[in-house]
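For the record, the sequence lines run as chains A and B.
Throughout the first sequence, residue numbering follows our numbering, covering 1 to 220 in sequence.
Throughout the second sequence, residue numbering follows our numbering, covering 1 to 113 in sequence.
If you're looking for bench data, these hints aren't it; they were derived computationally from the structure.
Here the structure is a predicted model, which is why all the values come from computation and not from measurement.
Please note that a few of the clues may not be correct.
As the list claims (entries may be wrong) - Here are the simulated lysine to any residue pairs, SDA-like style, with alpha carbons at most 25 Å apart:
no., chain 1, residue 1, chain 2, residue 2
1, A, Lys28, A, Pro95
2, A, Lys28, A, Trp157
3, A, Lys28, B, Leu103
4, A, Lys28, B, Gly37
5, A, Lys28, A, Pro52
6, A, Lys28, B, Val102
7, A, Lys28, B, Phe95
8, A, Lys28, B, Glu76
9, A, Lys28, B, Thr78
10, A, Lys28, B, Leu105
11, A, Lys28, B, Arg83
12, A, Lys28, A, Phe49
13, A, Lys28, B, Arg89
14, A, Lys28, B, Gln93
15, A, Lys28, B, Arg70
16, A, Lys28, B, Ala88
17, A, Lys28, B, Thr91
18, A, Lys28, A, His58
19, A, Lys28, B, Pro22
20, A, Lys28, B, Pro66
21, A, Lys28, B, Asp87
22, A, Lys28, A, Leu185
23, A, Lys28, B, Arg82
24, A, Lys28, B, Thr106
25, A, Lys28, B, Glu55
The lines below spell out each chain.
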Amino acid sequence: MSAGPHVDPVEDYLATLTASLHGPVRAKAAMMREVRDGLVDAVEAQTCFGVPYAQAAHRAVRDFGPADEIAPSFQRELTIAQTRRTARAAAVTVPVLALCLFLVRAGDPEWRLGALAAHLTVVATAAGLLAVTALVVTGPLTRLLPTPHRLPSAVAWTATAAAVGMAVAAVALGVTSALSADWPLTACAGVLAIAAHGVVAASARDCRECARAGRSPRAR
Amino acid sequence: MKADAVRGHLDAMLLAVLEPGPLHGYAIITAVQQRSGGALELRTGTVYPALNRLERSGLLRSRWQPVSDRPRRCYELTEAGRRGLADARSTWQEFTATIGAVLDLTATARRAT
């Protein structure tokens with residue numbers, strides 16, 4: 001925190017805290033808006049009794065706690081919010097990938113890439129199961145079980161693997177559609193796989209970033 | 001009372017001050033401090049993530065509503081939150097009764113005679 005003579009301590013504190021947090025844009029914005037409201041209330045509670053603004057602002061920030069000590073608990077919540085977001089993306093898109101591969105395989109039992117499809121289906125199933133587990137553990141089960149510290153990383157890297165699987169599936173389906181007489185089905189499946197890859201890869205990248213932020217020394 | 005002594009009891013205290021009705025973040029902090037007669041040195045920055053966690057676990061729900069002409073995030077207890085508060089109260093009473101019985105010299109002497 002750099003407290004210059006003309007710097008508002010509240011704004012300076014908010015800037016420091018905001019810069020140190022990573023997470024879903026809306027969740028982070030709502031969190032910071034709430035913090036701002038709380039600090040403004042704390043300042044007003046003193047200035048209405050005649051305490052000078054600067055003194056009231058310094059006291060409000062001091063009572064809130066040093067940003068580097070407070071940030072980890074905020075980051076933990078943002079990391080879990082991003083983990084749930086990535087898990088939802090995987091839980092919705094991964095079955096699409098599995099369905100695409102199933103349809104193409106069912107349409108052509110002699111499909112040369114059948115073994116590859118089987119492996120991708122295993123990856124998709126594992127990612128889907130972990131995604132659902134993460135949603136339950138970080139939601140209704142929070143009351144009963146502590147959220148495992150490694151869960152965000154596990155979801156991030158499993159979603160990354162699923163995204164890679166989707167990219168491979170998209171290429172395989174594209175090659176198949178170019179060689180197949182029944183190309184519209186495989187081409188549609190390929191487009192779906194590309195779209196699913198885009199959604200899951202972006203969310204997995206954000207989740208990796210949040211998991212890293214949660215592991216950094218200041219976040220412990 | 002230092003902030004470290006509060007750790008582990010924060011969730012129950014937050015649920016307790018929300019029992020009468022919905023409050024926004026700063027009002028919750030003020031209510032905890034008032035109920036403790038100013039004895040608790042609550043680090044206010046720890047309250048917001050705790051409220052977030054309690055909402056995620058279904059013990060609280062929140063919505064933005066105008067308070068003093070300003071939209072504020074107000075929290076209220078859910079049914080699960082009321083049950084959680086009742087459980088926390090009975091656990092605390094059991095704990096204080098047990099520890100109190102050990103620490104209380106007069107009660108110990110009475111039992112010995």
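>> Hints numbered earlier in the text: which of these fail when held up against the supplied structure?
In response: Hint check: 1, 3, 4, 5, 6, 7, 10, 11, 12, 13, 14, 16, 17, 21, 22, 23 and 24 fail, others pass.
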